[in-house]
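Asks: For the protein sequence lines, the chains are A and B, in the order given. For the record, in the first sequence the residue sitting at position 157 is 156 according to numbering that gives the first Met the number 0, with numbers rising by one throughout. For the record, in the second sequence the residue sitting at position 2 is 1 according to numbering that gives the first Met the number 0, with numbers rising by one throughout.
Hints are computed from structural coordinates only; laboratory data are not their basis. Treat the hints loosely; a few may be bogus.
[Unchecked claim] Below, in silico cross-link-like pairs of lysine-lysine (BS3-like), each with a Cα-Cα straight-line distance of 30 Å or less:
no., chain 1, residue 1, chain 2, residue 2
1, A, K55, A, K82
2, A, K424, B, K79
3, B, K202, B, K134
4, A, K536, B, K25
5, B, K202, B, K79
6, A, K506, A, K465
7, A, K424, B, K239
8, B, K25, A, K424
9, B, K202, B, K146
10, A, K266, A, K254
11, A, K424, A, K536
12, A, K114, A, K6
13, B, K101, A, K536
14, A, K114, A, K150
15, B, K146, B, K193
16, A, K254, A, K114
17, B, K146, B, K107
18, A, K65, A, K82
19, A, K424, B, K101
20, B, K107, A, K424
21, A, K266, A, K506
22, A, K506, A, K114
23, A, K245, A, K266
24, A, K536, B, K107
[Unchecked claim] Chain A regions said to be covered by chain B (calculated; three or more residues, Cβ under 8 Å):
no., stretch
25, 418–424
26, 429–442
For every residue, glycine included, the Cβ atom is placed at its ideal position computed from N, Cα and C.
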Amino acid sequence: MPDRVKKFLNSGTLFVWFCGTAVAVSLLMVSGVLLLIMINGLGFFWPHALVEMTLKDGTHVLGELKGEEVIPYSQTPELPEGKTRVRLKVGNRDLYGLDFRWVDTDQIASADSPKDVAAFERREWGNFYGRIREVSRGEDVVASGNEEGWKALQPLIEQANDLHDEIEHLQRDVIGDINFEIEGTRLRIRELELRGERESPEVAELQTVTQQLETQYQAHVATLRALSRQLDEYAVVLVETNGREKNLAVGQIVKALRPNDMGLFEKILRYFMNFWSVLSEEPREANTEGGIFPAIFGTVMMVLIMSVAVVPFGVLAAFYLREYARQGVIVRVIRIAVNNLAGVPSIVFGVFGLGFFVYAVGGTLDTLFYPEALPTPTFGTGGILWASFTLALLTVPVVIVSTEEGLSAVPREYREGSLALGATKFESMLRVILPCALPGILTGLILAVARATGEVAPLMLTGVVKLAPALPLDHHFPFLHFERKFMHLGFHIFDVGFQSPNVEAAKPMVYVTTLILVMVVIVLNLSAVALRNHMRKKFKASAV
Amino acid sequence: MASTQRSQDINPKITVENTDFFYGEKQALFKVALTVPTHQVTAFIGPSGCGKSTLLRCFNRLNDLVEGARVIGRISLDGKDIYDPSVDVTDLRTRVGMVFQKVNPFPKSIYQNVVYGPQLQGVRRRSVLDGIVEKSLQGAGLWEEVKDRLHHSALGLSGGQQQRLCIARALAVNPEVLLMDEPCSALDPISTAKIEELLHSLKEQLTVVIVTHNMQQAARISDLTGFFLMGELIEYADTKTIFSNPSDSRTEDYVTGRFG
Numbered sequence: 000m001p002d003r004v005k006k007f008l009n010s011g012t013l014f015v016w017f018c019g020t021a022v023a024v025s026l027l028m029v030s031g032v033l034l035l036i037m038i039n040g041l042g043f044f045w046p047h048a049l050v051e052m053t054l055k056d057g058t059h060v061l062g063e064l065k066g067e068e069v070i071p072y073s074q075t076p077e078l079p080e081g082k083t084r085v086r087l088k089v090g091n092r093d094l095y096g097l098d099f100r101w102v103d104t105d106q107i108a109s110a111d112s113p114k115d116v117a118a119f120e121r122r123e124w125g126n127f128y129g130r131i132r133e134v135s136r137g138e139d140v141v142a143s144g145n146e147e148g149w150k151a152l153q154p155l156i157e158q159a160n161d162l163h164d165e166i167e168h169l170q171r172d173v174i175g176d177i178n179f180e181i182e183g184t185r186l187r188i189r190e191l192e193l194r195g196e197r198e199s200p201e202v203a204e205l206q207t208v209t210q211q212l213e214t215q216y217q218a219h220v221a222t223l224r225a226l227s228r229q230l231d232e233y234a235v236v237l238v239e240t241n242g243r244e245k246n247l248a249v250g251q252i253v254k255a256l257r258p259n260d261m262g263l264f265e266k267i268l269r270y271f272m273n274f275w276s277v278l279s280e281e282p283r284e285a286n287t288e289g290g291i292f293p294a295i296f297g298t299v300m301m302v303l304i305m306s307v308a309v310v311p312f313g314v315l316a317a318f319y320l321r322e323y324a325r326q327g328v329i330v331r332v333i334r335i336a337v338n339n340l341a342g343v344p345s346i347v348f349g350v351f352g353l354g355f356f357v358y359a360v361g362g363t364l365d366t367l368f369y370p371e372a373l374p375t376p377t378f379g380t381g382g383i384l385w386a387s388f389t390l391a392l393l394t395v396p397v398v399i400v401s402t403e404e405g406l407s408a409v410p411r412e413y414r415e416g417s418l419a420l421g422a423t424k425f426e427s428m429l430r431v432i433l434p435c436a437l438p439g440i441l442t443g444l445i446l447a448v449a450r451a452t453g454e455v456a457p458l459m460l461t462g463v464v465k466l467a468p469a470l471p472l473d474h475h476f477p478f479l480h481f482e483r484k485f486m487h488l489g490f491h492i493f494d495v496g497f498q499s500p501n502v503e504a505a506k507p508m509v510y511v512t513t514l515i516l517v518m519v520v521i522v523l524n525l526s527a528v529a530l531r532n533h534m535r536k537k538f539k540a541s542a543v
Numbered sequence: 000m001a002s003t004q005r006s007q008d009i010n011p012k013i014t015v016e017n018t019d020f021f022y023g024e025k026q027a028l029f030k031v032a033l034t035v036p037t038h039q040v041t042a043f044i045g046p047s048g049c050g051k052s053t054l055l056r057c058f059n060r061l062n063d064l065v066e067g068a069r070v071i072g073r074i075s076l077d078g079k080d081i082y083d084p085s086v087d088v089t090d091l092r093t094r095v096g097m098v099f100q101k102v103n104p105f106p107k108s109i110y111q112n113v114v115y116g117p118q119l120q121g122v123r124r125r126s127v128l129d130g131i132v133e134k135s136l137q138g139a140g141l142w143e144e145v146k147d148r149l150h151h152s153a154l155g156l157s158g159g160q161q162q163r164l165c166i167a168r169a170l171a172v173n174p175e176v177l178l179m180d181e182p183c184s185a186l187d188p189i190s191t192a193k194i195e196e197l198l199h200s201l202k203e204q205l206t207v208v209i210v211t212h213n214m215q216q217a218a219r220i221s222d223l224t225g226f227f228l229m230g231e232l233i234e235y236a237d238t239k240t241i242f243s244n245p246s247d248s249r250t251e252d253y254v255t256g257r258f259g
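Take the sequences, apply the hints, and build the full model.
Replies: In structure tokens form, the structure reads like this:
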């Protein structure tokens with residue numbers, strides 16, 4: 000018997016099983032994470048059906064069904080089986096105070112999905128679920144009753160959304176441009192004052208320009224006010240399921256849906272429209288609603304700046320260590336130090352970035368080049384450039400290590416062959432060794448991108464904000480505004496999920512943001528992998 | 000040391016005088032002296048580790064790359080010391096080309112491989128480069144086989160074709176001497192035969208020094224043969240003499256296959 004056990008152990012069958020189990024468990028965990036994010040994230044865009052319940056006490060509840068659970072036995076000792084309750088998203092936060100409500104199953108007298116109820120997505124206070132009583136313009140009733148009101152409301156909402164677009168264009172582009180110019184002239188005047196040229200004709204000239212701009216600004220503000228008044232022209236009286244009324248300007252409604260009245264095709268269409276609006280719109284309501292476009296943009300741009308910074312540094316350092324430095328104790332110590340740098344907690348890099356890049360470098364840049372803006376810092380505060388540099392510092396060991404591996408994999412014969420043809424060492428490196436090492440360099444870039452995209456802690460110290468007023472890339476010269484603060488998907492998750500006033504309502508947004516962050520990482524990685532494969536193909540044989 | 004051969008003294012291309020070579024503390028060559036004549040094929044034979052490749056790599060100073068490598072003595076090309084501080088190493092290497100044991104075309108196209116050397120020297124005109132490619136590939140006997148796929152990867156060629164491409168690559172810079180370090184050891188007999196055939200025509204244009212393990216090869220292709228053992232040049236003479244009537248008994252033992 001012991002002999003047979005020993006034989007079995009030595010045969011390695013058990014070991015194979017262990018290995019297989021390890022792989023299976025890892026795969027299970029990864030797919031579990033992805034599945035969880037996808038189920039919770041992708042479900043967010045679906046127009047959920049509305050349920051209207053009549054309770055045994057005669058009141059009504061209207062909302063989206065969000066789940067069912069058994070009340071723990073300890074809370075209901077009289078029922079050893081436990082009883083169930085359902086959770087509904089009832090919206091109407093301004094009326095109820097809360098978005099969600101628990102209903103005990105045994106209290107429900109009847110439940111129904113009436114086709115005439117609508118979900119209104121509003122610019123404030125979250126969703127409203129209910130029916131329409133009347134649509135009015137000032138004192139005149141335009142349409143009364145649910146059906147007529149619904150028909151009348153559709154074009155009005157579209158009109159209001161167009162108005163909103165116009166207002167936003169006016170605010171962001173037209174008035175934004177004027178503000179940009181006013182700020183520019185203000186700084187120029189200040190600069191001249193600092194130089195002691197307060198009396199120069201240019202100052203007077205600039206002051207007239209400022210005045211002209213101010214006049215323009217006032218004119219646009221007046222237009223803006225008129226447009227805003229137009230938004231309030233039409234009002235709608237909504238009524239919730241128990242009959243309480245809510246007066247609302249049509250301009251407050253983003254969209255109105257009757258999910259119970261929609262066909263499958265219509266719902267699918269709506270699904271993709273919702274998806275697109277999250278990708279392309281700006282956040283509203285303390286980031287819990289609206290889109291996440293600025294965060295996606297900030298994340299991608301930061302990673303790109305980081306890549307541009309990290310690759311040259313890492314590659315040059317690796318070339319020195321591998322090709323030029325004498326392979327001795329010092330180089331070995333440096334190599335160990337570089338490897339250990341990769342293991343330093345990221346918040347440490349954040350602190351360094353704040354102290355070095357933001358305060359030391361940024362502060363110096365401000366006193367040297369932007370004295371007219373002081374005491375408002377330009378580069379002396381967190382910004383996308385410093386955040387990217389901090390991440391570049393964080394990921395440079397990865398690039399160094401993989402570039403060194405790539406270099407050491409280049410056969411000695413290539414170097415000798417090149418030298419024997421009369422090439423200098425530099426020429427050999429540039430024309431033979433670097434192309435051969437490119438796949439290794441790109442592997443380093445892939446790893447660096449993967450690590451940098453997911454990093455949040457150092458960014459919180461070096462330039463990420465909850466809500467950035469402007470993108471770091473726009474049509475104002477010099478187009479790339481490295482000093483601007485930016486939004487980031489990882490920080491967005493933290494902010495929406497844990498810092499928002501209405502955590503429960505924000506939960507779907509957290510999953511959506513997570514899903515999109517994962518997608519961004521995958522897309523960035525796949526493009527780097529595609530680039531590497533392209534390079535490999537270019538430098539490898541086609542026939543062999 | 001029998002060195003009273005007539006062919007050695009005609010037109011010396013490379014002269015080695017009393018040369019020692021060290022890898023750090025380890026001495027690899029002991030008091031080697033020989034003369035490589037112009038437009039001849041000179042073969043170095045001997046067991047592994049006998050120093051023949053080391054001497055070959057001294058001729059184009061490729062040993063400079065090895066840390067701790069030191070040459071004591073004098074090696075001259077056309078009478079000029081190649082270890083003189085005033086010598087430009089890259090210039091020397093364009094005059095003394097090399098073909099390696101391990102076939103090493105660059106992972107580029109056939110065309111790019113051949114023009115690599117000329118481009119380093121600053122040749123940029125497309126028409127000139129095209130001419131060099133055709134001439135070099137013809138010189139290496141490869142033109143007919145690859146003229147339709149010059150822009151395909153060089154790694155798609157067979158082993159023998161790759162080695163001839165390396166020869167063409169070396170010829171493209173117009174060297175005066177071609178060093179060959181066991182160029183056929185990784186090749187099949189047919190490819191080997193092609194390269195040996197090539198050597199006969201090559202020696203019209205340049206001087207060839209070849210290191211080989213294969214004694215039949217040395218006997219077939221070379222005009223002069225040097226036999227190395229433990230870092231010493233045991234005997235250097237006309238190939239016919241070495242293989243039929245060697246003066247040293249160790250040479251005889253080696254060429255008759257009694258050891259090594």
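Asks: Compare the structure with each hint and give your call.
Replies: Each hint, compared with the structure:
no. : hint            : result
1   : K55/A - K82/A   : 16 Å, holds
2   : K424/A - K79/B  : 24 Å, holds
3   : K202/B - K134/B : 16 Å, holds
4   : K536/A - K25/B  : 43 Å, violated
5   : K202/B - K79/B  : 22 Å, holds
6   : K506/A - K465/A : 17 Å, holds
7   : K424/A - K239/B : 42 Å, violated
8   : K25/B - K424/A  : 26 Å, holds
9   : K202/B - K146/B : 24 Å, holds
10  : K266/A - K254/A : 14 Å, holds
11  : K424/A - K536/A : 26 Å, holds
12  : K114/A - K6/A   : 71 Å, violated
13  : K101/B - K536/A : 23 Å, holds
14  : K114/A - K150/A : 14 Å, holds
15  : K146/B - K193/B : 18 Å, holds
16  : K254/A - K114/A : 17 Å, holds
17  : K146/B - K107/B : 16 Å, holds
18  : K65/A - K82/A   : 17 Å, holds
19  : K424/A - K101/B : 20 Å, holds
20  : K107/B - K424/A : 19 Å, holds
21  : K266/A - K506/A : 22 Å, holds
22  : K506/A - K114/A : 27 Å, holds
23  : K245/A - K266/A : 27 Å, holds
24  : K536/A - K107/B : 11 Å, holds
25  : 418–424         : holds (count 6)
26  : 429–442         : holds (count 4)
Figure legend: structure checked against the earlier numbered hints; hints not met, in rising order: 4, 7 and 12.
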